[in-house]
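Using the hints, build the complex out of the two chains.
Taken in sequence, the protein lines are chains X and P. Under this note's numbering, think of the first position of the first sequence as 21, with each following residue one higher. Under this note's numbering, think of the first position of the second sequence as 5, with each following residue one higher.
Keep in mind that a hint or two might mislead.
[Claimed, not checked] Which stretches of chain X does chain P cover? Using the computed rule of at least three CB atoms under 8 Å from a CB of chain P, they are:
hint, stretch
1, 54-60
2, 105-111
3, 134-144
Hints are computed from structural coordinates only; laboratory data are not their basis. Idealized CB from N, CA, C, for every residue including glycine.
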Amino acid sequence: MSYNKISTETIILIEGVSKWFGDFQVLCNIDLTVKQGERVVVCGPSGSGKSTLIRCLNRLEEHQAGRIVVDGIELDHDTKRIHNVRCEVGMVFQQFNLFPHLTVLENCTLGPMRARRITKADAEQRAMEYLERVRIPEQAKKYPSALSGGQQQRVAIARSLCMEPRIMLFDEPTSALDPEMIKEVLDVMIDLAESGMTMICVTHEMGFARTVAHQMVFMDEGRIVESAPPEKFFSNPESERTKMFLSQILSH
Amino acid sequence: MNLTKTPYKSYWIDVLVLVAVASLVAYVAYRVNTVLVYKWDWSFIPGYLFRWDEETQWYAPNLLMKGLFTTIRLAIWSIVLAAIIGFVMGVMRTSQRLFPRLLSLMYVELIRNIPPVVFIFVFYFFISSQITPILGLDDLTRDSSPVLLTVLDYLFGPPELLSNLVAGIICLALFEGAYVTEIVRAGIQAIPKGQVEAGMSVGLSRMQLMRYVILPQAIQRVLPPLASQFIILIKDSSIVSLISIQELTFLAMELATSTQRVFEVWVFVAGMYFVISYACAFWFSRLEKRMALHQS
Numbered sequence: 021m022s023y024n025k026i027s028t029e030t031i032i033l034i035e036g037v038s039k040w041f042g043d044f045q046v047l048c049n050i051d052l053t054v055k056q057g058e059r060v061v062v063c064g065p066s067g068s069g070k071s072t073l074i075r076c077l078n079r080l081e082e083h084q085a086g087r088i089v090v091d092g093i094e095l096d097h098d099t100k101r102i103h104n105v106r107c108e109v110g111m112v113f114q115q116f117n118l119f120p121h122l123t124v125l126e127n128c129t130l131g132p133m134r135a136r137r138i139t140k141a142d143a144e145q146r147a148m149e150y151l152e153r154v155r156i157p158e159q160a161k162k163y164p165s166a167l168s169g170g171q172q173q174r175v176a177i178a179r180s181l182c183m184e185p186r187i188m189l190f191d192e193p194t195s196a197l198d199p200e201m202i203k204e205v206l207d208v209m210i211d212l213a214e215s216g217m218t219m220i221c222v223t224h225e226m227g228f229a230r231t232v233a234h235q236m237v238f239m240d241e242g243r244i245v246e247s248a249p250p251e252k253f254f255s256n257p258e259s260e261r262t263k264m265f266l267s268q269i270l271s272h
Numbered sequence: 005m006n007l008t009k010t011p012y013k014s015y016w017i018d019v020l021v022l023v024a025v026a027s028l029v030a031y032v033a034y035r036v037n038t039v040l041v042y043k044w045d046w047s048f049i050p051g052y053l054f055r056w057d058e059e060t061q062w063y064a065p066n067l068l069m070k071g072l073f074t075t076i077r078l079a080i081w082s083i084v085l086a087a088i089i090g091f092v093m094g095v096m097r098t099s100q101r102l103f104p105r106l107l108s109l110m111y112v113e114l115i116r117n118i119p120p121v122v123f124i125f126v127f128y129f130f131i132s133s134q135i136t137p138i139l140g141l142d143d144l145t146r147d148s149s150p151v152l153l154t155v156l157d158y159l160f161g162p163p164e165l166l167s168n169l170v171a172g173i174i175c176l177a178l179f180e181g182a183y184v185t186e187i188v189r190a191g192i193q194a195i196p197k198g199q200v201e202a203g204m205s206v207g208l209s210r211m212q213l214m215r216y217v218i219l220p221q222a223i224q225r226v227l228p229p230l231a232s233q234f235i236i237l238i239k240d241s242s243i244v245s246l247i248s249i250q251e252l253t254f255l256a257m258e259l260a261t262s263t264q265r266v267f268e269v270w271v272f273v274a275g276m277y278f279v280i281s282y283a284c285a286f287w288f289s290r291l292e293k294r295m296a297l298h299q300s
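Just chain P, same shape as in the assembly (with noise of 0.2 Å):
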């Protein structure tokens, strides 16, 4: 093998791609000077992250920073709810029975096969009103003492909107968990045959051998589409929006509307969603780093 660097040849090639971006860049700010004479405004931002409550007399967060709080509490529960249903429903899909087998490959195309908004109305206003009755939810939020409350309130926000918040978890855990599912399956199908032969050699069972040494070594190969498809989540918790779950994007729908100031709403919004998304990717690819170490 050849260990010294090839010369770095085809530099005209970035140098046309800077010039592309540049100039189009360029264009686009001419554009928004010229043709849409549109005054940015950005001094009313802060007011609606934080607010200063006259009462605890110190900051309280307002209606974005409380859509944030909201979309992270969204998509923490749904990433841990939908990693639960996908792992169940992976481990089914690889079962040597035709039942699992069956419900899971049903579950999986059933979810696949319909828009996640078409999904989420469907299932919020012919199921979720079945459900979360079901739960107790509003009667745990009247009953429970003080304590429980504050200690809820850190997990699902505000008491009185938890039956709201716990139908969106629902809703958006079962669609990625559909997802997950295959994720799942394709990395158990992954392990080595010989693994499952050793395996069984020294006497496992089935149970023990999914859970000693296909999952260990299944779990480290599906992290990096898991951490794709768990950002895919955190994103396309905007949705629940539509069900009037009030997190970022129902927030800033309504924030944009009383302020006018759509585009500088949207702008700071995305730069919020970028934020989130990108902490999580980070924090899988360190966790990905960390498993990898005495690996081959």
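One chain only, chain X, in its complex shape (with noise of 0.2 Å):
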């Protein structure tokens, strides 16, 4: 599936960016860009600025150097603009982070209705497509505390999918996960990325990124260490630490 087709269109450009966290440097001078349709899996040690990168993506983090541009949008203080990347760039966190006040429909029409301002009516069903598509359209009417955590990452996704973005990312999604509810949500990543989506996950399912990804990024200390496609990233890494770290966690 890595020889799917990708557009030549760069859909992210990411130009010398780096970000303090007080004297902290979690960013130093990243360079990437994004093709549409591509699929991008960032790992790394923990700390080494991956969730930071993406999260600068629809700035949930603010880059200090170097610019963004999404979608042709340039990320800045203009809120407007800042706005337009959000409702283009979906996310999945690791904790879920769903509205434990509504139910699973309004989780998923809240956006819709409030930031693309649809109707109701379209939004719910709209909601209910993109349940079906992550398999719990039955769940729709209860609160997310009686889900699984699967479930609700499953609806996490589904949320994201609602506001129909151009690019997805993805944080860590299954790390909060039981081990047996891992791979309802990588099975349903993996369908989204046959329908063509363009990903961003930072993610440690090396068998996930093996059979999805198109480009592998490793990062250490807030760089870029390695970028690769996955058959030369995982056969024939150049870099020492990346083999370093390829052998700790493909070790068990």
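Rendered as structure tokens:
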């Protein structure tokens, strides 16, 4: 599947991006381009800045140097542009972050109704379509607390998809899940990949990465250490640091 | 986890407590009987609850009931106004902008560091004489139709005391609003950051985030402290008797003086306050349970 067609159109451009938390530099001069339909998996040890990097792409974090252009929109302090980018970029969080006071269906319709301003009927119809796609339409009337972790994460994916974004970001989507629930979430993500969605995933699921990724990115200490197609990345990495990381997470 | 009940052991403590309480009650009763030599007489109370109205040939509320109604009106409107002030100020307190945050902070600190009685005197004598004329309440009661007057009478009591009551409502609401502000602020700040991020990632604006994601969850969290603040408000409403608002405490004071039955009047009035405060607490605990039904 790694040989799916990728368009030549650049959808995300990251150029010389740096970011500091106080004195600590989390991102050092990052360059990365993502083409439309491309699937990028970002991995690296904790604290390497991989989450921060993808959180910069929908401005949950602000970058302090360099430029980020998403879907032709330059990210800066302009709130209108930030809003437009957030409508085009869906995000799935490690801790799901579903709205606990709303039903599954309401979780899915809130964004489209308020940010996209579509009618309630349309939003609900769209929500049911995506809930079916993540295979939990029967849970629509329940509250998130009644669902298992895996189900909650699938609702979170459906909630993002309801905005009909052009890009999906995944921030360690399976890290907070029990082992038996990881597969149901990964299956949904693989389906999504097959539909041609542009995806950037921060994950340590190397099996998933091997199946789905066009490009593997390895980060350490705020830098991109290595970036390669998965077949080269896993069999013949260039950097010693990458080799060590891979041997640690693939050894068991 | 051990699901069987742990055997109840330290029963001698209960016996001790029971004995202590019983002997205290017995002692007080003994003192009242022997030392005070007070002849209790409750017979006049019903007459001051209701009086027979010759005109309508029916019972009409007398001093105590009138006072109770005024206290209830005072409490309800102050609670509504204090809640509005508290929510607006509480949201401002968590604003990203400095000015609203400072304004709200100043309001809270100013009120919290002045005793209620002092605040009410200052407010009443220096401010309310300016504010109530601006609201045009006297004109309103003079010029309005009989229907409107009846409605006003139900909502705010006798028209001739309207501007007085409004001053009391504003005093109480401003005073309690500061505490509601702090409760709301704590509630908003207790919402996990992930909720805000999730809301932003589906394109909600700051206002929409507040309205659809943060406030609904915050309100649920602050319901218990809010309930106890509102009960405090009901009891604090007795303070406005100092500025001659004819609520329960004010009229009870008059009654105690005119009948010379000080103990009976105050004990009975204490009971009346207990009933409305407890009713409020009861209603809030039901609301809390209903809102908690579908939550984890």
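Hint check:
Only residues whose C-beta sits within less than 8 Å of a C-beta in chain P count toward coverage, and the stretch 54-60 of chain X has 0 of them, not enough to reach three; the restraint is violated. Interface restraint, the stretch 105-111 of chain X with chain P: holds (5 residues with C-beta to C-beta distance below 8 Å; minimum three). Here's how the stretch 134-144 of chain X fares: 3 of its residues keep a CB closer than 8 Å to some CB of chain P, so the rule of at least three is met and the hint holds.
Against the hints set out earlier in the document, a violation occurs for number 1 only.
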